[in-house]
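Here are the chains, one letter per residue:
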Amino acid sequence: MRNVLTIAGRELRSIFVSPIAYVVMTGFLLLGGWFFFNLLARFNLLVSMYSSFQGGAEAMQRLNVNEFVLAPLLHNLSVVLVILVPMITMRSFAEEKRSGTYELLLTSPVGIWEIVLGKFLGTAVFLTVMVALTGIYGAILAFYGNPELGIMLAGYLGLYLLALTFLAIGMFASSLTENQIIAAVTGLVIMLLLFVVGWAADTAGETLGAVLRYTSVIEHSSEMIRGVIDTKSLVYFASMIAGWMFLTERSVESIRWR
Amino acid sequence: MIEVHDLTKRYGDRVAVAGVSFSVARGQVLGFLGPNGAGKTTTMRMLTGFLPPTSGTARVAGFDVFTQSAEVRRRIGYLPENPPLYPDMTVWSYLTFVAKLKGVARSQVADARERAIARTGLAAVGDRLLSHLSKGYRQRVGLAQAIINEPEVLVLDEPTIGLDPRQIIEIRSLIKDLAGERTVILSTHILPEVSQVCDKVVIINDGRIACEDTLANLTREGSLEEVFLRFITADTALAHERDATPPGEPDQPPPAGHGG
Chain X
1 MRNVLTIAGR
11 ELRSIFVSPI
21 AYVVMTGFLL
31 LGGWFFFNLL
41 ARFNLLVSMY
51 SSFQGGAEAM
61 QRLNVNEFVL
71 APLLHNLSVV
81 LVILVPMITM
91 RSFAEEKRSG
101 TYELLLTSPV
111 GIWEIVLGKF
121 LGTAVFLTVM
131 VALTGIYGAI
141 LAFYGNPELG
151 IMLAGYLGLY
161 LLALTFLAIG
171 MFASSLTENQ
181 IIAAVTGLVI
191 MLLLFVVGWA
201 ADTAGETLGA
211 VLRYTSVIEH
221 SSEMIRGVID
231 TKSLVYFASM
241 IAGWMFLTER
251 SVESIRWR
Chain F
1001 MIEVHDLTKR
1011 YGDRVAVAGV
1021 SFSVARGQVL
1031 GFLGPNGAGK
1041 TTTMRMLTGF
1051 LPPTSGTARV
1061 AGFDVFTQSA
1071 EVRRRIGYLP
1081 ENPPLYPDMT
1091 VWSYLTFVAK
1101 LKGVARSQVA
1111 DARERAIART
1121 GLAAVGDRLL
1131 SHLSKGYRQR
1141 VGLAQAIINE
1151 PEVLVLDEPT
1161 IGLDPRQIIE
1171 IRSLIKDLAG
1181 ERTVILSTHI
1191 LPEVSQVCDK
1201 VVIINDGRIA
1211 CEDTLANLTR
1221 EGSLEEVFLR
1231 FITADTALAH
1241 ERDATPPGEP
1251 DQPPPAGHGG
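Just so you know, the sequences run in chain order X and F.
Residue numbers for the first sequence follow my numbering, beginning at 1 and rising by one.
Residue numbers for the second sequence follow my numbering, beginning at 1001 and rising by one.
Simulated from the structure, these hints should not be mistaken for laboratory data.
Heads up, a few of these hints could be off.
To be verified - Going by beta-carbon spacing under 8 Å, a handful of chain F positions derived as facing chain X:
#1 Arg-1073
#2 Arg-1074
#3 Pro-1080
#4 Lys-1100
Stated by the list, open to error - Rough simulated footprint, nothing fancy, chain F against chain X, three-plus residues with beta-carbon under 8 Å:
#5 3-9
#6 243-252
This structure is a prediction, so every number in the text was calculated from the model and none was measured.
Built from N, CA and C at the ideal position, the CB exists for glycine as well.
Model the full structure from these sequences, guided by the hints.
Put into structure tokens, the structure is as follows:
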């Protein structure tokens, strides 16, 4: 455990001293702010339109900030994660290989699992900060309106688990190569595939369709953004993270059998 | 202390190291000599547990490098050809990190770091970023990193490459200092280095051992340069004979091996 923390600490430091982290975080918050502003403006417009209609009062009942502002905001942020998480994770192993520090790590008396876990934890702290900062939008809604807090928290949990899943995928992509661009593109493509794999579900057969739907990350994060925390989704995210970390461990270890 | 037996590394069809055997006694400094691409780096990577051998065995301090890798890694300090430095760290924070990574007890980390800094003469640059250091200092940090957990065995891959003459002299005397009780394997293709630092010499050519002897024995009849050239030429000729190259053909250069 001590080795894991040592590696996590160094990883976190190196993320925070590199400009990439600040560019990514600023970009994430800037886009988030833009989404939030526009969704809020649209919500405002709808409210004023409905209130001027006859019988609009009934329609007004169905307008709520969870569904019209927060849910689309979290959906948009999930898409942004697909692009930004690979920018953070592309360095994790690729950079070590390129600079030669990989030899130090692998000839030190630490297990490969400890290296993988440490790197995961270090980067996870960064992503936690990044996702937590978007909580400001939720806080603004809670301050000026009355969103359903439970639904909001479920939605943020969904976004966070999505970020961690992408982190595990990005690390795996980085462990395959010493080229950061290749690592970023590979990670991005795997993440996008997991996003859209559900599209085939409707035309595929019943069983295959169900499998595809279950495999798709967006299926589970949407559920949570809607406010439903299903055990099925939690199991999905947990097994995704563990599975991609396992592949990362194998990929690092593979230097020993190639 | 180090027993290497019939160690072989193949990359696909290409043989980088072919059945290398040698041994180093405790406290000896072994000069690992050979032309570029002879298989020096590959052999050292196998000894440090970074690469697994295709076949053969190597034992360090009685532990097998493949099956008891963790025990071996705990006892070896390794300076790869490019010092494994994180450019965004200071000397001080880097050495703290490495000390923890190598399992130095929490209460001893600061001591180990200060000791390594003192021995490698880094006190003046402790708070500088590694990316801002000159090549000589980077090499020193590499050495400090290798000795920080007081390993019994030091493996140094071309520690003086790319340094200016003054730095070379400094690093050499540093290695002599560090050797002391330790067993050291030092790879190089700079011959004077060997005569100054080493007790024993292994010459490797084209993945095979061309010669293994003490420095005193080898230099009895001539300078190390002559000995080196004689062995390399004889060995390459032998290899050609083995490959049944028709006589009279111009000498082919030895195939480029992996690493240095």
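Do the hints match the structure? See the list:
1. For Arg-1073 (chain F), the interface hint holds, the least distance from its beta-carbon to any beta-carbon of chain X being 5 Å, beneath 8 Å.
2. With a least beta-carbon distance of about 4 Å to chain X, the hint placing Arg-1074 (chain F) at the interface is held under the 8 Å criterion.
3. Hint on Pro-1080 (chain F) holds. Least Cβ distance to chain X is approximately 5 Å, under the 8 Å limit.
4. The closest approach between the C-beta of Lys-1100 (chain F) and any C-beta of chain X is roughly 4 Å, which is under the 8 Å cut-off, so the hint is satisfied.
5. Only residues whose beta carbon comes within less than 8 Å of a beta carbon in chain F count, and the region 3-9 of chain X has 4; three or more means the coverage holds.
6. Counting residues of the region 243-252 of chain X whose CB falls under 8 Å from any CB of chain F gives 0; the rule of at least 3 is not met.
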